[in-house]
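Peer 1: Let the hints inform the model, and build the full structure from the sequences given.
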Amino acid sequence: MAHVATAGHAVHDAAHHEEELTFIRKYVFSQDHKVIGIQYLITSLLFLFFGFSLMMLMRWQLAYPGQPIPFIGGLLGEANAPGGIMLPEFYNQLGAMHGTIMVFLGIVPLAVGAFGNYVVPLQIGAPDMAFPKLNMMSYWVYFVGGVTMLASFFLPGGAANSGWTSYAPLSVVATTGQTAWLFAMVFLITSSLLGSVNFIVTMVQLRAKGLTFTRLPFFVWAQLVTAFLLLLAFPPLEAAGVMQLMDRLAGTSFFLPSGLVVAGQALDVSGGGSPILWQHLFWFLAHPEVYVLILPAMGIVGEVIANNTRKPLWGYKSLVYASIFLGFMSFIVWAHHMFLTGMGTVISTFFQTTTMIISIPSVIILTAFFISLWGASIRFNTQMLFALAFLPMFGIGGLTGLPLGLAPTDTHLHDTYYVIGHFHYVVAPGTIFALFAGVYHWYPKVTGRRMSDTLGKVHFWGSLVCMNGIFMPMFIQGLAGVSRRLYDGGQQYAHAQGVLQWNEFMSVAAWSLAVFQLPFMINFFLSIWKGRKVENDNPWEATTLDWATPTPPPHGNFARVPEVYRGPYEYSVPGHPTDFFPQNEPEPAKG
Amino acid sequence: MQIPYTVHPRPDTGLFNAKLGVWLFLASEVMLFGALFSSYVLLREGALTWPHGYEILNIPLATLNTVVLISSSITMVMAWASLKLNDFAKYKRYIGSTVLLGFGFLIIKSFEYGAKFSHGIGPGDSTFLAIYFTLTGLHGLHVIGGMIVNGYLWGPGSKMWQSDPERLTNRIEVAGLYWHFVDLVWIFLFPVLYLL
Amino acid sequence: MFELLGLPLDASAHGPKLDQMTVVVHWLMLFLFVGWGSFFAYTLVRFRKGRNPKADYTGVKSHVSSYLEVGIALFEAVLLVGFAVPLWAERVNEFPADADAIVVRVVAEQFAWNVHYPGPDGIFGRTDIKLVSAENPLGLDREDGDAKDDIWTVNQLNLPVNKPVIIRLSSKDVIHSFGLPLFRVKQDVIPGEVIPLWFTPTMTTAQIIEASTKTVSISAADTSNTVLLAMVAQADYATTDGTAILARGDSMTPEAILFLVKAGIKEVKAVHSTPAEIACAQLCGLGHYRMRGFVTIQTEEEFKAWLAEEASYL
Amino acid sequence: MSEHHTAEDIKKHVRVYINVFVALMALTIITVGISYLHLSVVPAIILALVVATIKGSLVASYFMHLISEKKMIFAALILTGIFFIVLMALPVLYYGDRFY
Ligand code: HEA
Ligand code: HEA
Ligand code: CUA
Ligand SMILES: [Cu+2]
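Chains as they are written, first to last, in this note's numbering: chain E, 138 to 728; chain G, 20 to 215; chain P, 16 to 329; chain S, 108 to 207.
Fair warning: there could be bad hints in the mix.
Here are the simulated DSS-like cross-link-like pairs (lysine-lysine), alpha carbons at most 30 Å apart as the crow flies [claimed, not checked]:
#, chain 1, residue 1, chain 2, residue 2
1, P, LYS64, E, LYS594
2, E, LYS270, S, LYS178
3, E, LYS670, P, LYS32
4, S, LYS118, E, LYS454
5, S, LYS118, G, LYS178
6, P, LYS69, E, LYS454
7, E, LYS346, E, LYS270
8, P, LYS319, E, LYS454
9, P, LYS64, E, LYS454
10, S, LYS178, E, LYS454
11, P, LYS178, P, LYS319
12, G, LYS128, E, LYS163
Worth flagging that the hints you see were computed from the coordinates, not collected in a lab.
Peer 2: Here is the structure:
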């Protein structure tokens, strides 16, 4: 049988398939990477919004501790918020679920599941992912994990409440919600593992003719490194999750030392376990995980910058090497989250050193992006604004990682709002902005219509201002020594008194941020029907293969099997008639 | 347009998709069991006392189980070789025995578990038992998974021999990789839990 | 930079070095941010489409950026070798001898800090989890000879000034984190382990109060200002006809604030009632936010007197 | 591995498989035998792990054909190997350097 179909065959095949598929097969249990990508997109955006909503509730309590929540306070249930006043138990549930949902159900599925799924096969000129059935399964396993996570709010005692880090022994003695959390995590990890196997095989095996590794778009590289991180870092957390489940359900004490007295009662377990073991296994995943959050974002930013500067990305090779190095190093820095667990000089020196080293590739990547701007002809459309704003925002987040990465300075800052500020700068105005850029950038390919630039700009400027309004004061509070995860925002503490006034400010900024998401949501849904139609398949005049498909791409993606002749970002090539020279366009005949 | 390299290897990598896929999956399995082994060492290191496996566990049964599992590995690889030699009937016999041997493994394992539970010994009684039950339980789940796949390839899945023999051969190779890995894990589990 | 960063008052011997390091790191961060930021801002203006309609294929050719990256790496190396490693070593390796220090046990539980002093014999008595009860949170075995003179308190840590203190931390239930923002120490408290920590307080509570006293303006709207209500006055205040409203050391109450405003007093000198605190930094359950203890630093004599007083209740 | 094998090749393979199987059985008996010697902990662990590693390599090399596998797979496995070692270093990180 033929494994590379001819062009005519392909089109015919695609049309043929399309007719046969029932609605369910086409839109629900679809095996088409694009439909799955869209399923991921919608689901993860909803989770993102949900995670944000949880946070807006928390911000009420932080700004106005002990006052009844207006409008919806009464709907939260007597067990959570009697008289509309949030209980500490409920605050802790919200915090743990906000972190978990944002990271595992929001950003990762959006960055990898949605963008990776939709864009990677297009960019490498493949008809689909290598294993379409597996792809479908990843999505549905993710979906089940997500539903389990949400359903846990309705368990007695509510959802998990031991932080997204689920440190034992607190998590082992916690309410049933923690069991649901663990089961949900096992689903999510399984989904990620299936997905990452699929991604790596696709990127290695299904590259179009001529598309060598050095010609891969940076976004594909970023996804490739990300997939390896997921593949190798997640299993230890799965193992840890199984052990914690055993601790909770089978009475083992993997994470419980002997001699615990909880609530005045000696705990009846065999003991002999180690709480630190959980932390090691958790951070063995969770540190690489933060690069899973940032790498695809950097990939998107790279695409958007190259496209809208109209020139090649500067230092493509160093970008690729830096990403690989970043991925590699991310496996040996995890214990910088654990400096204060009793670490001696030798090991802490090791982890401080690796942490400083890992900041260098990030600097290289950012520097390459900055230098790419030199000599450019910058188009300030919405996606470019988001991509550009990513740079200083990630810069702030990354730079504040430095004092955290040095154990002596971390002593004062550990578990304060400084940490919260640090990572929100990288994930919220960092990653989320990059993902917004991606939405605006690829929207025309998916729908055949553009999103409104005006609404987009309102969305951008509003979000930029509000994000900084939320997260900048966190550094002030953190330096003052205010602990994180405080139900009353630190009200009782003397050292917090000078910075308490920021709580209200930050909350107002967070609610305003929500208001500025309205133009986005309107834009997103309305443009499906009302957006300006694209004039051709390549509205941004881009060079990569994702723009060489029909719009929207049919099942099987390409009308003709693409072949690649050059690197990914050949913009403004001297002597070329247009300012972009697509990867799949043959060299013009000489003479 | 069809997905390329599902049957024949891609020239520059020399691999067909599923093979790379299963190796990657096994890489993640290495990290999964690695984390448990590492936890085992860590907990043992920190424990005041640690029993010798042979004081608590049944070595003859486990040895028998090792033999069973290794045998199932050889039948698995013979199943693949039979397909390569175009001998479908032999293939059916070998893959069938692989499934049966897997079954045998589980039955012996259940005797082991049963003996423990009937003496009221469970995972909650000591850290050693906790790790024993977790590791062997997880390994047992892997055996069950492999049996389902192999059972499918013995039964309905083997029909592919008529339509696409090369693809079936690939599938057996890939299923074999997984099955040998399960065997490999046991090769380490056995001394670590029972003999040390 | 120190003031700019808004670090709290520093009342420990090693604190200034940590703060100095924090300041140095933040200078580096500021330098990098401003450096890249100005380049960034310049390119955005200079190379916008309107100004530069045709992009340049090659762009920057120089290798300045590589030097810069090497420079950053070197600076980080200096931070590591020059500051981070020695400072950390001092924290965890150079403990004073027990004999030269005050040794205290702190046992964390949901949601309190139990402080255990060895008493005059200098030896901690036996504890047993079987004896733990509401009246005996440490599970102290008073039958044990060494335990007879032991003193314990809840959420109150008294220490003498200018003498190294070693605190042995342990937890009865979950992980807590023993944080003293004013003394620049923080240490996770892990159940199953006993983790020590040391520092030398350099200011007495009286001095801390002195140094933290602020002049705050008040208005009639402040009767529900939680910041203000947590404070105590640091001077005597009276109405114009001499009726006392607040004496030094009195807490600010809504009524007092109203009286002060009525008397035309717009500013008061005040300080938080408990300026030095133990803050639990690790999520430990629903009461994490209120797991607050108090630190009182006394002169040597005051401390002795306090110990004697506590001993007299035994 | 899956391509271009003559029947002759395969038959050769089969002989190798059978040899490997015999070796595995023998090594199993050896490990169990050693355990009855009740050596002290360190030599017992070292011996048991050495034997297990030999057995594991046999399975991987011959049953899983790793010995003639493609570059790409080695690359992935070496990477995994490195991180596996990192993972196994956890106990060292934990006990090796606590300051108390
Ligand atoms: C996407 C997520 C992400 C990213 C990329 C990073 C990046 C980094 N992180 Fe962060 N981190 C988190 C997410 C992330 N982190 C999270 C979620 C937590 C908390 C988890 C929890 O406890 O709940 C955390 C916590 C955390 C800690 C633990 C703190 C504590 O608990 O006490 C530490 C300590 O070392 C640390 C360090 C670093 C370092 C050194 C980097 C470096 O990689 C950063 C390197 C980047 C730079 C150095 C910037 C370079 C840019 C420029 C120089 C240009 C400047 C730009 C302009 C002017 C325009 N992080
Ligand atoms: C990826 C991770 C991520 C992201 C994006 C965010 C985003 C935000 N986070 Fe979160 N946060 C965490 C991860 C994240 N957080 C983690 C891990 C913790 C620690 C938890 C713990 O203690 O265990 C934490 C804790 C945390 C705290 C500290 C709580 C405490 O310590 O008590 C606070 C406080 O303000 C906070 C605030 C916010 C805010 C205001 C945002 C905002 O930036 C949110 C912005 C969101 C959006 C802008 C949504 C956009 C989406 C849409 C508009 C949807 C559109 C929909 C369709 C079109 C269908 N977060
Ligand atoms: Cu104790 Cu938080
Ligand atoms: Cu980290």
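Peer 1: Decide, hint by hint, whether the structure agrees.
Peer 2: Cross-check of the supplied hints:
A C-alpha spacing of about 17 Å is found between P/LYS64 and E/LYS594, which places the hinted pair at or below 30 Å, so the restraint holds. Restraint check for E/LYS270 and S/LYS178: the C-alpha separation of about 27 Å stays at or below 30 Å, so the hint holds. Simply put, E/LYS670 and P/LYS32 have alpha-carbon atoms about 62 Å apart, too far for the 30 Å limit, and the pair is violated. A C-alpha spacing of about 47 Å is found between S/LYS118 and E/LYS454, which places the hinted pair above 30 Å, so the restraint is violated.
For the proposed pair S/LYS118 and G/LYS178, the alpha carbon gap of about 25 Å is at most 30 Å, so the pair holds. Between P/LYS69 and E/LYS454 the CA atoms are separated by roughly 24 Å; this keeps the pair inside 30 Å, and the hint holds. Distance check on the hinted pair: E/LYS346 and E/LYS270 sit about 25 Å apart at the alpha-carbon level, within 30 Å; holds. Restraint check for P/LYS319 and E/LYS454: not satisfied, since their Cα atoms lie roughly 68 Å apart, outside the 30 Å limit.
For the given pair, P/LYS64 sits about 27 Å from E/LYS454 by alpha-carbon distance, which is consistent with the 30 Å threshold. Distance check on the hinted pair: S/LYS178 and E/LYS454 sit about 22 Å apart at the alpha-carbon level, within 30 Å; holds. Note on P/LYS178 and P/LYS319: the hinted pairing holds, with a Cα-Cα distance of about 13 Å set against a maximum of 30 Å. Restraint check for G/LYS128 and E/LYS163: the C-alpha separation of about 44 Å exceeds 30 Å, so the hint is violated.
The structure does not agree with the numbered hints 3, 4, 8 and 12 stated previously, though it agrees with the rest.
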